[in-house]
Structures are given as structure tokens and as C-alpha cells.
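Asker: Chains A and B are the protein sequences, given in the same order.
Take the first sequence: its letter number 182 is residue 182 in full-length UniProt numbering, and every next letter is one higher.
Take the second sequence: its letter number 84 is residue 84 in full-length UniProt numbering, and every next letter is one higher.
To be clear, the hints were calculated from the coordinates, so they are not data collected in a lab.
Ideal placement from N, C-alpha and C gives every residue a C-beta, glycine not left out.
Honestly, I wouldn't trust all of these hints.
[Stated by the list, open to error] Away from chain B, derived, C-beta distances all over 10 Å, residues of chain A: (1) 197; (2) 199; (3) 273; (4) 297; (5) 403.
[What the hints assert, rightly or not] Here's a subset of chain B near chain A, in silico, CB distances under 10 Å, partners left out: (6) 61; (7) 106; (8) 115.
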Amino acid sequence: MTSVPPQIPLKEEYGGDEINALVLDPGSHSIRAGFAGEDTPKSVVPTHYGVLSSGHHVYGENAIHIPNADMEIRNPYNTDGLVEDWDTAAKMWEYSITSRLTGARQTPPSRNGLNVVKDGEGDVEMETDETSKAKAETEKMEEEERDRALAEYPLLMTEPAWNPVKAREKTMEVAMEEWDVPAFFLAKTGQLAAYGNGKATALVVDVGHYNTSVTALWEGMVLRKSTTHSPLASSFLSDQIRRMFTTTTPPVPLTPYYLIASKIPVDAGHPASATYTNFSSPPSPSFRRFEEDRVLTAFKESVVSAWPGPGRLEANLEAVKLTPPRPFEMPDGWNNVFGAERYKVVEGLFDTKAAYPPPPSSTSSSSPSQSQYTPKSDDSIPSMIHRSVNACDVDARPALLGNIILTGAGSLIEKLPERLQSDVQAMFPNPRVRVIAAGGSVERKFGAWIGGSVLASLGTFHQMWISREEYAEFGAGLVERRCK
Amino acid sequence: MAQSGVSVAPECIQAFNDLKLGKSTKWIIYKLSDDYKEIVVEEKSTDGDYEKFREKLMHAKSKNKRGEEGIGGRYAVFDFEYEAPGGEGKRNKITFISWVPDEAPQYPRMMYSSSKEALKRALNGLASDVQANEPEDIEYDAILSKVAKGR
Numbered sequence: 001m002t003s004v005p006p007q008i009p010l011k012e013e014y015g016g017d018e019i020n021a022l023v024l025d026p027g028s029h030s031i032r033a034g035f036a037g038e039d040t041p042k043s044v045v046p047t048h049y050g051v052l053s054s055g056h057h058v059y060g061e062n063a064i065h066i067p068n069a070d071m072e073i074r075n076p077y078n079t080d081g082l083v084e085d086w087d088t089a090a091k092m093w094e095y096s097i098t099s100r101l102t103g104a105r106q107t108p109p110s111r112n113g114l115n116v117v118k119d120g121e122g123d124v125e126m127e128t129d130e131t132s133k134a135k136a137e138t139e140k141m142e143e144e145e146r147d148r149a150l151a152e153y154p155l156l157m158t159e160p161a162w163n164p165v166k167a168r169e170k171t172m173e174v175a176m177e178e179w180d181v182p183a184f185f186l187a188k189t190g191q192l193a194a195y196g197n198g199k200a201t202a203l204v205v206d207v208g209h210y211n212t213s214v215t216a217l218w219e220g221m222v223l224r225k226s227t228t229h230s231p232l233a234s235s236f237l238s239d240q241i242r243r244m245f246t247t248t249t250p251p252v253p254l255t256p257y258y259l260i261a262s263k264i265p266v267d268a269g270h271p272a273s274a275t276y277t278n279f280s281s282p283p284s285p286s287f288r289r290f291e292e293d294r295v296l297t298a299f300k301e302s303v304v305s306a307w308p309g310p311g312r313l314e315a316n317l318e319a320v321k322l323t324p325p326r327p328f329e330m331p332d333g334w335n336n337v338f339g340a341e342r343y344k345v346v347e348g349l350f351d352t353k354a355a356y357p358p359p360p361s362s363t364s365s366s367s368p369s370q371s372q373y374t375p376k377s378d379d380s381i382p383s384m385i386h387r388s389v390n391a392c393d394v395d396a397r398p399a400l401l402g403n404i405i406l407t408g409a410g411s412l413i414e415k416l417p418e419r420l421q422s423d424v425q426a427m428f429p430n431p432r433v434r435v436i437a438a439g440g441s442v443e444r445k446f447g448a449w450i451g452g453s454v455l456a457s458l459g460t461f462h463q464m465w466i467s468r469e470e471y472a473e474f475g476a477g478l479v480e481r482r483c484k
Numbered sequence: 001m002a003q004s005g006v007s008v009a010p011e012c013i014q015a016f017n018d019l020k021l022g023k024s025t026k027w028i029i030y031k032l033s034d035d036y037k038e039i040v041v042e043e044k045s046t047d048g049d050y051e052k053f054r055e056k057l058m059h060a061k062s063k064n065k066r067g068e069e070g071i072g073g074r075y076a077v078f079d080f081e082y083e084a085p086g087g088e089g090k091r092n093k094i095t096f097i098s099w100v101p102d103e104a105p106q107y108p109r110m111m112y113s114s115s116k117e118a119l120k121r122a123l124n125g126l127a128s129d130v131q132a133n134e135p136e137d138i139e140y141d142a143i144l145s146k147v148a149k150g151r
């Protein structure tokens with residue numbers, strides 16, 4: 001490594017705000033990483049990854065969207081929003097830091113292009129046993145170098161409030177033993193999001209990818225028994241849109257971009273007139289689903305809206321008819337307008353009875369692997385809030401209801417804050433209910449990261465870190481005592 | 001618990017004890033020092049006029065990391081005096097207010113919310129605690145309704 005490593009701050013400098021700490025906020029949809037003290041995370045990496053048939057994993061936005069017949073798309077998180085595949089998760093976390101943050105590494109001489117022995121064609125040389133062996137070796141070297149990069153900075157990580165003890169200890173072990181970080185801290189996402197909004201007492205509603213969670217905070221402490229979470233989140237919403245597409249007549253064709261070679265404009269509602277890309281061996285269904293999700297994200301951003309209330313959608317169908325429908329064009333050129341449907345797909349989050357039911361299991365031909373999940377009425381966001389608030393002390397309830405913080409990228413659905421406000425107020429008529437949702441999408445997408453960034457950059461936070469020495473002495477159990 | 005780790009200057013506790021025991025001080029406003037390392041006393045007064053006190057909070061300024069001044073947060077202790085309902089006479093409640101306006105920039109907001117616990121823990125004998133984020137949260141009636149509800 002030729003670049004000068006950043007200076008490790010001296011002891012007396014800790015009092016100032018000069019600690020170069022890293023902040024890592026891993027989620028089930030994306031992993032946010034960056035340096036403490038910065039306004040936004042520099043590195044945002046998708047949590048989905050590709051597995052090639054060789055068993056090799058590929059990470060990062062650039063690699064996983066390439067149509068590749070022998071690539072499966074997977075996710076190391078389970079539907080509870082907790083890490084299931086630790087080896088992969090740890091590698092991806094590491095990737096999110098080393099790929100962008102710790103500086104460009106020098107390409108080893110064997111692969112920097114200057115020492116390539118040109119064969120006749122001047123082309124890239126074919127892989128022989130020897131080169132692959134050399135490659136494996138350089139890869140190992142590179143990995144060691146990456147590890148060293150991580151060993152330079154204290155690391156603050158985030159976790160969901162329902163993270164079990166085992167997972168917390170495992171996280172610290174990964175950081176301390178695999179990455180060799182000099183100091184570590186684990187903070188709860190809800191707590192950081194609340195601090196970022198200037199509150200120590202709050203009810204944090206975090207709409208994520210696999211999970212929506214409700215966490216009550218009292219004077220900075222997470223009230224454990226109040227923590228609830230359910231799968232009514234962004235991924236559920238994608239499934240709702242899929243179900244809506246298949247149940248309208250005629251069904252809406254959902255074709256991801258990679259299948260389209262070219263398209264010709266067509267009138268609204270008419271079949272698409274596009275040339276499709278032909279694959280001799282088509283990419284896997286998991287890839288298709290993943291790419292479909294990207295189209296659905298665009299759909300969510302531009303068309304979907306929550307019914308702002310008051311009242312449920314079914315009681316307001318007449319009013320809905322008066323709102324102008326929104327147009328949407330699919331990658332293949334098919335386009336149409338969506339009226340009541342654009343509200344109906346979100347309604348399930350608030351009123352589970354209004355959710356689109358799962359398709360009959362026999363007809364899974366049109367779109368691959370639709371989830372069979374049917375929400376229970378307990379899972380809706382208002383009823384989670386109800387349970388969470390009721391699990392808290394009576395005296396605490398007004399303060400919590402007056403400080404409901406809405407965060408998470410899934411909360412960016414249009415009018416979602418308004419609807420939440422109206423539903424919760426209807427549920428708790430007496431104290432004043434106030435839903436606070438930061439106006440900027442950045443603040444809501446990265447709420448927890450931003451909170452962590454400020455905290456970890458403080459000189460005064462120094463005393464909170466768990467140092468490597470302490471870890472060596474007390475072991476992973478320390479995380480339970482120190483990171484409450 | 002994740003906290004900022006900011007320290008509390010001894011003068012904070014002394015000023016609080018003067019208020020608690022001497023009862024001549026009516027309110028104290030605390031702030032985070034400009035380098036965000038400790039909590040210090042900004043102002044204290046024997047004038048019990050709540051509106052003057054509120055004005056001070058409304059015009060509080062804090063510096064961000066680059067030294068630019070913007071809307072800021074504060075902590076305050078106010079010795080509330082009110083008529084107990086049902087003619088039970090006057091009551092006094094020493095009330096802690098954390099004032100973190102929603103319009104304040106990210107950095108001071110974060111700092112004030114994550115340092116609050118340190119100060120609260122240092123002050124013994126608080127009767128009630130108000131978390132205020134909007135101008136209407138620190139209106140006299142809003143505070144009174146919260147204070148009077150406590151035991």
C-alpha cells in the first residue's frame with residue numbers, strides 16, 4: 001500500500017471531533033456505510049447479491065443487474081429483518097466499506113495490465129491452472145489488505161430493536177475478530193433516528209423493506225416490551241402491486257428492462273409493441289423478480305399513494321373517483337392510467353382486510369414466486385402502534401403519541417404520514433397525536449445512519465466505545481452491558 | 001445506552017441547587033458550549049415572567065460544526081407556580097424543559113437530544129419533564145397542562 005494511511009488520532013486529540021470513525025447501517029434492502037461526521041452515507045450497497053453457479057458471490061449495484069444465466073439473486077436476511085447467512089452478510093458489510101470508503105487500492109502487478117504477456121490476439125489471456133492459482137493468491141493478499149483498512153477506524157453499527165442477544169454478540173465478534181476494528185459500538189436504529197429528529201422520547205415507526213417496526217423510546221431508552229414489527233413493509237407493497245397487476249382486466253404486463261431490446265410508443269391500454277431480447281439461456285427467476293422489483297419501485301415512486309384519510313379507503317370510494325388518475329409506462333411501452341388502484345395497493349398497510357389476497361397457488365405461471373403471505377389484522381401499522389403504546393406506562397402514552405417519528409425509505413409513499421396521523425388520532429382521540437416525518441427523502445432514507453454519523457463523530461462519545469482491549473478481556477457478552 | 005457523552009459543568013448543579021433551595025432564582029437556561037463538550041449555564045434569572053423566558057428560548061442560537069450560527073436548542077429549568085384545581089392553594093413544580101426546535105439544523109438537534117440525559121441525571125429533585133419541539137409546545141398553557149397533571 002503506497003498511500004499514506006490516515007493518522008490514528010492521539011489520545012489528547014480524542015477530546016476534539018477528529019475521530020475518523022465508520023458508521024455502518026445495514027438493512028435488508030441496502031447497506032449504508034460512510035464516515036462519521038458526514039451528512040449522508042457515501043456508500044449505499046444493495047443487500048441482494050448474486051451467486052454464480054461456480055459458487056462465487058458478486059456484490060454491488062454494478063454486478064448484480066447484469067443478465068446472467070447462471071446467477072441467482074439472494075438476500076442474507078430472513079423475513080424477520082435479521083441476518084440469517086452470517087458469512088455472506090459479513091462479507092457484504094465489509095464490501096460496503098472497502099469498495100468505496102477506504103480508498104482505491106493499488107491493483108497488484110500481476111493484474112494491472114502492464115505485465116500482461118500478449119498472446120497473438122492481444123486479447124485477455126485465458127485462465128489456466130497457474131493463473132487461477134496466482135489469482136487466488138492475489139485475492140487473498142487483497143483481502144488481507146482490506147482487513148487492515150478496517151482495522152484503522154472505530155466502527156459504529158446499527159441493529160433493529162428486536163435483534164436477539166446471539167446476533168448482537170455475533171455482530172461484535174465479526175467486527176472485532178474478522179475486521180480487527182480498534183473500537184466498536186452497536187446502536188439501535190430507532191434510537192438513532194429519534195436523536196436525529198431531536199427527540200429522546202418518541203415512538204419510532206420505521207417502514208423498511210421486509211419489516212415495519214414500532215419502537216417506543218423513553219429518555220433515550222428503548223422500551224423492549226413495546227417493540228413490535230410486522231412484514232407489512234415495502235416488499236409486501238411490491239407483492240400487493242404484483243397482485244393488483246394480475247387481477248385487473250386485462251392484466252398489466254410486468255416486463256423488466258433487461259428483456260426489452262427496443263420499443264415503439266403505443267396508445268394507453270394497448271398491448272406493447274416491443275422487440276424483446278433473446279437469451280439463449282435466460283436468467284434465473286430470482287433475477288427476473290429482482291429486476292421486476294426495480295420497475296415496481298419506479299411505480300411506487302410515481303403512482304402509488306396512500307389514501308390520506310380521514311377514514312378508510314372503502315368508505316371513500318366516491319371521493320377517490322374524483323382524484324385524477326396517474327399514468328405509468330412500463331419498460332416495454334405499455335402504458336395506462338391508474339385510479340383507485342393506486343390507493344388500493346397501499347390500503348393493506350392500514351386495513352389488512354383490504355389487501356389483495358395471494359393468488360391461487362396453481363397459477364404461478366405469469367410471474368415467478370409470488371409470496372403466499374396473507375396479513376393478519378394485528379400486523380397493520382395502526383394496530384402495531386396501538387399494541388406498542390398500550391404496552392407502555394399510562395403516563396408515558398401522551399408523550400409518545402405526541403412524538404411519532406416516521407422514518408425508513410418505505411415511508412416515502414405519498415400521503416403516508418397524513419394517513420398515519422389520521423388513523424392514529426382516530427384510535428387515540430384524547431391526547432394530541434403528532435406524526436413527524438422529515439420532509440427530505442434523504443433524511444428519511446438514511447435517518448438512522450445520520451444519527452449514527454453525528455454520534456460517532458463526537459469526541460465526547462469516545463468514552464462509550466468498546467475498545468479492542470476491553471473485548472479481549474470481557475468477550476462478546478460486553479455488548480449486552482454497554483450497548484443498551 | 002447510546003449517549004453523546006457530553007459532560008455537565010459543576011456550575012449547572014450549583015445553579016439548580018440555588019433554585020431548588022433558595023427559591024429566589026426562577027429559571028435557568030442551560031446550553032451546550034460552542035465546542036459541544038459540556039453543558040453550561042447560559043442565563044439565570046429571578047424574574048418569574050414566563051413570556052420573557054419563552055422569548056429567550058425562541059431566540060436561542062447554536063453553532064453548527066462549521067461555526068455557522070443557526071436556530072438552536074436549549075435545556076431549561078423553570079420553577080412553575082400555579083393554582084391547584086379545587087382551591088387547594090399554590091403549587092410549585094420544578095420543571096425541566098428540553099427545547100429542541102424541529103426547524104433547528106440536524107447537528108444541534110442530535111446533540112441536544114442525545115445529551116439531555118446527562119444533565120437530567122445531574123439535577124436531583126425535578127418534578128416534571130417536558131420535551132418541546134415546536135413553538136406551541138413551550139406556550140405557557142401547554143406546559144402548565146403537562147406540569148399540573150403530574151403527581
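Asker: If a hint holds in the structure, say so; if it doesn't, say that too.
Answerer: Hints and how they fare:
1. For residue 197/A, the shortest C-beta to C-beta distance to chain B comes to about 7 Å, within the 10 Å cut-off, and the non-interface label is violated.
2. Listed as outside the interface, residue 199/A is inconsistent with that label: its C-beta sits roughly 5 Å from the nearest C-beta of chain B, within the 10 Å cut-off.
3. Every Cβ of chain B is farther than 10 Å from the Cβ of residue 273/A; the closest lies at roughly 49 Å, confirming the non-interface assignment.
4. Once the 10 Å rule is applied to beta carbons, residue 297/A is consistent with being away from chain B; the minimum gap is 26 Å.
5. Remark: the non-interface label on residue 403/A conflicts with the geometry, its nearest Cβ contact in chain B lying 7 Å away (cut-off 10 Å).
6. For residue 61/B, the interface hint is violated, the least distance from its beta-carbon to any beta-carbon of chain A being 15 Å, above 10 Å.
7. About 7 Å separates the beta-carbon of residue 106/B from the nearest beta-carbon of chain A, less than 10 Å, and the hint is met.
8. Taking 10 Å as the C-beta contact cut-off toward chain A, the hint placing residue 115/B at the interface holds, the least distance being around 8 Å.
Comparing the model with each numbered hint stated earlier shows that hints 1, 2, 5 and 6 do not hold.
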